[in-house]
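Keeping their order, the protein sequence lines are chains A and B. Just so it is clear: in the first sequence, position 60 is 60 by my numbering, and no numbers are missing. Just so it is clear: in the second sequence, position 453 is 453 by my numbering, and no numbers are missing.
None of these hints come from the bench; they were simulated from the model. Do not rely on the hints blindly, as some may be mistaken.
Which copy is meant is left open, because identical chains are indistinguishable; a pair holds if it fits in one copy or across any two.
[Claimed, not checked] With a Cα cut of at most 35 Å, we get these calculated DSBU-like pairs of lysine-lysine:
id : residue 1 : residue 2
1  : Lys-648   : Lys-636
2  : Lys-634   : Lys-593
3  : Lys-852   : Lys-814
4  : Lys-648   : Lys-634
5  : Lys-424   : Lys-516
6  : Lys-720   : Lys-192
7  : Lys-201   : Lys-157
8  : Lys-593   : Lys-814
9  : Lys-814   : Lys-831
10 : Lys-391   : Lys-424
11 : Lys-168   : Lys-391
12 : Lys-852   : Lys-169
13 : Lys-168   : Lys-425
2 protein chains.
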Amino acid sequence: MTDSAPHPLVYFFGQGRADGTAAMKDVLGGKGAGLAEMTNLGIPVPPGFTIAASLCSTYLETGGFPPRLRPQLEAALGRLEAATGRQFGGTVEPLLVSVRSGAAVSMPGMMETILNLGLNDTTVEALHRLSGNASFAYDSYRRFVQMYGGVVFDLAKRPFDEALDRRKKAAGAARDIDLPWEALRDLTGEFKEIIHKETGKNFPDDPMQQLWGAVAAVFESWNTRRAADYRRHHDIPDSMGTAVNIVAMVYGNMGEDSGTGVAFTRDPSTGERVLYGEYLLNAQGEDVVSGIRTPEPISRLRERMPEAYADLERVSRTLERHFRDVQDLEFTIERGHLYMLQTRRAQRSGHAAVRCAVEMVDEGQISEEEAVARIPPNDLNQLLHPTIDPKAQPDLVATGLPASPGAASGAAVFDADSAEARGKKGEAVILVRRETSPEDFHGMVLAKAILTARGGMTSHAAVVARGMGKPCVAGAHEIEVDEEARLLTVNGRRIAEGEIITLDGSTGRVFAGPVKLIPPELSGHYSRLMGWADGMRHLRVRVNADTPADAHRGRDFGAEGIGLCRTEHMFFEGERISAMREMILASDEAGRKRALAKLLPMQRTDFEGIFRAMEGYPVTIRLLDPPLHEFLPKEKEEIRALADEMGKSIEDVERTISRLSEVNPMLGLRGCRLGIMYPEITAMQARAIFEAACTVAARKGRVQPEVMIPLVAHVVEFRKQALIVRQVAEEVFRERQITVPYLLGTMIELPRAALTADEIAREAQFFSFGTNDLTQTTWGLSRDDAGVFLPDYLERNIIEFDPFIELDIGGVGKLIAMAVELGRHARQDLKVGICGEHGGEPGAVAFCEAQKMNYVSCSPFRVPIARLAAAQAALAERGTMNRTRATV
Amino acid sequence: MTDSAPHPLVYFFGQGRADGTAAMKDVLGGKGAGLAEMTNLGIPVPPGFTIAASLCSTYLETGGFPPRLRPQLEAALGRLEAATGRQFGGTVEPLLVSVRSGAAVSMPGMMETILNLGLNDTTVEALHRLSGNASFAYDSYRRFVQMYGGVVFDLAKRPFDEALDRRKKAAGAARDIDLPWEALRDLTGEFKEIIHKETGKNFPDDPMQQLWGAVAAVFESWNTRRAADYRRHHDIPDSMGTAVNIVAMVYGNMGEDSGTGVAFTRDPSTGERVLYGEYLLNAQGEDVVSGIRTPEPISRLRERMPEAYADLERVSRTLERHFRDVQDLEFTIERGHLYMLQTRRAQRSGHAAVRCAVEMVDEGQISEEEAVARIPPNDLNQLLHPTIDPKAQPDLVATGLPASPGAASGAAVFDADSAEARGKKGEAVILVRRETSPEDFHGMVLAKAILTARGGMTSHAAVVARGMGKPCVAGAHEIEVDEEARLLTVNGRRIAEGEIITLDGSTGRVFAGPVKLIPPELSGHYSRLMGWADGMRHLRVRVNADTPADAHRGRDFGAEGIGLCRTEHMFFEGERISAMREMILASDEAGRKRALAKLLPMQRTDFEGIFRAMEGYPVTIRLLDPPLHEFLPKEKEEIRALADEMGKSIEDVERTISRLSEVNPMLGLRGCRLGIMYPEITAMQARAIFEAACTVAARKGRVQPEVMIPLVAHVVEFRKQALIVRQVAEEVFRERQITVPYLLGTMIELPRAALTADEIAREAQFFSFGTNDLTQTTWGLSRDDAGVFLPDYLERNIIEFDPFIELDIGGVGKLIAMAVELGRHARQDLKVGICGEHGGEPGAVAFCEAQKMNYVSCSPFRVPIARLAAAQAALAERGTMNRTRATV
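Bound conformation, chain A alone:
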């Protein structure tokens, strides 16, 4: 064969040699590549051949097969006959085959399977003779006709199942297996009649015709709606196509010395190094999954068939070592002989993923880099938060957005005060609100979890919950919350205050009643893995933390500084909100300054605590950002109380509230616009920061404040605010007789700031991308309002991901990349980071690595995920990831 000869269309495997290898997944699909590789390894695999996936699109485009396929297929069939010593369609020793689809990437539920192909009224008799087992022969036949009806004739299972049930009833048979062979034979005939009745076509008796029909049906299955949707959703190109595997049948249903099963080379839940799985005797593969018979744990196989078990163990070790990863195996035992039917990379729990990776390093199977590279970062969530026991069968009542991971059970309460009161008594409560606002904060602190009917992934509830590491399901639209009646209604069911509900914030599910939870656990394996990861990454990982407690939690999770300290959260508690409101209601600068003077010592104390918690690490403090109306009460009663407290009339207070109300608060008087209109606020905050920094520095603490001006659209806004901060810093340093080095930078959260990043970088020492607001403005999409249509957008594939969860690299990312380039061009040593909600999202972390940013910052519980993702991004840059990902 010369170089210019076309690639073969059919790849044979058998008798210890295969035309293909594991590296040829693109041609053979995952299953075919695995079969080829196992054959080459000398592992017992029934012989067979694979039709190349490239034929799939040819078939779908032309509606037929290229002429050169037939001779190649017939040649392969000839080799298969030779390898098995049987004849396809033979009346003495008939060759039967399975036909299975198998694409390069695993597509769960997209798998088409036909077993026992080659049977007809003649060959079944030969099989009967050959096996000496009429039940086996006719059971195989009726299975084949049913599967063929489903796959090739696209018929539903139901008429077949009903016919089977009628036969069982007539025969008084409890199990399929108890049917006499005559009943099975008649059933096969009945199945053929069903096919004829439903499709007007006859079941093909000619094995060759059966085979071509099966191959065509597998190719056609590539274009079902379900498969096409799955591919679009997972970014799998339509052109990939599926291969077709045609394999000589081996039989697990030849009697009690036969069986079939699945096994994992290690426990996929715990990661323990032990053969794990289950099997059924006298069964074909479909019986294991159908749930009609209950499979037995694989450990029992050791007792039942010690030799086959020993073979399986040996094969398992060989395959794991060969593929250097935990394998998910399918096998059949035919009259005591083990045959492997599939090997692929095993899915596993977060715990298992970590343990397996670390132990495989210890065993010398993989490198530390490979261990780090292969853990999906979000799997760490399972190690950090309680999870729903997978064995539980909870009562699902609604699904919302998975806004903050972890699971919790507790009594539903409908307002923050109740949450606080009951929480303080030690009761587990779940705060249920239409949506939360800063005034609910005290209740959120004492709730175990938060459920909202409105709001998205970056709604107030979601952001605060993630910050606190509490589970949160947000935007569960099916739920109607009646806060006054203290009741939630969902699809006609009512859950009243005090009734127990359970949330799974990792999946967005809401359950009625308590559900068994599995507590989180950080193992030594985890610590070792993270240690390796830290050594590999370039990106620093910081935490978004507003309080000393958050800061400590962040450090516990490995944060190397604070990337976003939101000062406004400090203003919501007790006395503080009073002083804040006094400031807002003041009629002149002098009044504002009096109120700010009350806030100064409180804010200074907070900063001291935070600086101490983060000693030796940088702390980025964002100046006041939200619109002032967020600090004012909404309810009539509270307005009255506030008016009394401030010695103002209710009308005065209402007038201020109305004056400050905005049509689009997101785009209104907030961020640095506040500091420009009320420079005294900026001055007070700067003073609190620098006084706190000097206090800590005076006691030999290392402080690195980074003052961040928010919502800059135009460089002059930055310049004006920077001037105030610098003046105050100098004043404080003079008063305290000590100087603290600090940086002055800005949050890039508006498209215009990104577009003019060069101008801004000439004056700002760092950029921190606020990707939440940048996403909102770039998309013109309010995160508070998007909940009404974004779920629909996702469901209908209008967008492929929620841009508030995954960073929109094609849009927002383009702006960020432009800003980084413009900014670094204007200031070489510009420090660049990201502090929006995307900071802990692995895709975004990889993007930040590619942009050569200095750090990412995220909520405390996402810090480990970001650390791992950052290491993986660094490895990917070096090419290590690609190598490890090339394994099956």
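We have chain A; now place chain B onto it with these hints.
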């Protein structure tokens, strides 16, 4: 002098020759260049010299003069002495000079002037002897000391004026001129004492010391706060500096055969070709402007001094022909001899600008291109709208934003119903609202003008008023509107319903009472000029029009199609809003479709009218854009009425209103998001468009519908909506048995659309930039809320212009340029236009030309402005503008 020799610092002019020319404005300033050019033309100009503007920054940086200045200045002074035959500081024939600032660009009110420099107690006596006029000599002296005190010693006018008043009182003199010379002499001494008392310094008697002091003071005046602010505001570089002009004095105050005045070579109000201006006999320049004496019209000079008048007329013609533009002249007549002191390009009214330009073409003075290039496009506003009579002295009560040009008087009314009721009776009413909403539309139609206390240049009131060509003042924050009490309060004054007020929408001013207005007039000159302009431009100019009436008006103004037809405005009237509300309140798709079926014929009729009005031109129709809650009532009473009408409970209606309410409606469920959630709306609108198009086409009308999908952020949104529109189009074409060519495109109004313009252009046939929303999202700035702080930003120079009025080329423009490039790269024949409020703003038009867009679209009354601006932009591309702008 070799090439490497430094440029001279001092430029002499006199005796028919000047070192400088008109082309050297950068060196000599405008005034110095004019004096030099006039000298070279042989026009009588008193001799003098100019110190180069480049010295200004040297002086300001070093605080002193370079050594080489002194010899050059002394040499020039020597030449001046020779030219005049007088000696600087001479006791027989003393040379006196004026010292005046003069930068390359005119900076009104930044002009420093000292006259009669060189006088002291000795030289004044020589002047007395020489003139034989003691009053003249001492009047000149006291004026000099006062001006010197002001300019050099930075003293206020007041103590000098008080001293003068005391003297006049003591002498019983009514006018300055009536004071006896002794009183003037004593006054001069008193002025010197004032200087000593206020500054501790002595008035310098030495003329050379006087001269250096004056030059330094002129340079220092460049850095006053006022001047620096003016430059920053007008983008004038600080480095430009001012030149200093030192000119031999000529005297208009030498008696009744002397005088001084200003003249225009044509009437600056009407453009009539007649010498226009005013003069005073026996006076110095400052008297003309001070207002103490009333100048006489220049026509009187012809009778009083026929020779001088004839000289002035001749000079005027010479200068106008030489500079090829209307000139603004200053002159002095000394004992019957005319001296020209300044010539510069004359400011003129819009009417005059057009008439002068056209007539100068007819006279062969300038080309048609020059005529087109020199009219400031916004000056056309004065031709299109009534204006306040410049002679009126109205009672200004507040100033807001100049939201829609033109002036109107009428009775204040505070709600739309009153406006409609009174307006229908023929009364002129002005609708005053806190802010307007679509529900006020019927009142706006009948009001003469609109005044709002809140909202910006692109608030509802502003946009609607501009569309209707009605004057509007928006965001007049000083005004409090009490709609219930039917009263406005402004700075303590109250104006009740029915009281007459006057608005000037071109300047944002609000007056109490009626004010005399000048009606608009479109002359033949205007038509000819616009005809030339149309022949020069590349950009097509379309109109934003929502009704057949708007479309007709747009065509009258020269629009070549509709660039933006907002379909939602069609839904607000009478029955339509009922059907719209029925659609919104419908609980399912069937209910929505029933309501939409009622809207279909109405919308189809509208489109028919619009297509007919725009026959032969393209019509871009934007599908429904605003959030649905805009169509629902807000007041309790209206909600009740709506509930009754729809047969629903008040609670039902309120629930829908609450469900549809949004935190940030600008970023919520609107634009194509509506069409995606409710495809039946898109289908109905598409049907109305294509049915109307087919109807018109069937009667041989040429229709070019361009269907525009709004608010696309992601290409898939466009794809989904485009599919519906195309399907409906095919259906209608099939039903009607006729095909109408149409385009399908999108509005680029979100940053993400601009960033992914290549993806979108692969599917969309045209882009129309919606610069209003693009500005809002790029800046993160709600136009509804920015009114609270944007004026402050402008006042404090944080931003140099309102981005909702002028296109932000450095930010938003960057996005647009990127989108045009990406879009054209993906689709070569992509049609590109702009339809936001900037479409008629000359700066934006020039930007669109530079981007090689196909068209701009704007409100009807801005169409002529856009046509002219487009022609100028095309000329600028060819370099014609630069040439014509190089003239003085």
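Against the structure, the hints:
no., hint, result
1, Lys-648 - Lys-636, "both (15 Å within a copy, 29 Å between copies)"
2, Lys-634 - Lys-593, "within (25 Å within a copy, 38 Å between copies)"
3, Lys-852 - Lys-814, "both (14 Å within a copy, 24 Å between copies)"
4, Lys-648 - Lys-634, "both (16 Å within a copy, 29 Å between copies)"
5, Lys-424 - Lys-516, "within (23 Å within a copy, 74 Å between copies)"
6, Lys-720 - Lys-192, "neither (84 Å within a copy, 44 Å between copies)"
7, Lys-201 - Lys-157, "within (17 Å within a copy, 111 Å between copies)"
8, Lys-593 - Lys-814, "neither (42 Å within a copy, 41 Å between copies)"
9, Lys-814 - Lys-831, "both (19 Å within a copy, 24 Å between copies)"
10, Lys-391 - Lys-424, "within (32 Å within a copy, 76 Å between copies)"
11, Lys-168 - Lys-391, "within (32 Å within a copy, 108 Å between copies)"
12, Lys-852 - Lys-169, "neither (70 Å within a copy, 81 Å between copies)"
13, Lys-168 - Lys-425, "neither (59 Å within a copy, 91 Å between copies)"
Violation of the numbered hints given earlier is confined to hints 6, 8, 12 and 13; the remaining hints are satisfied by the structure.
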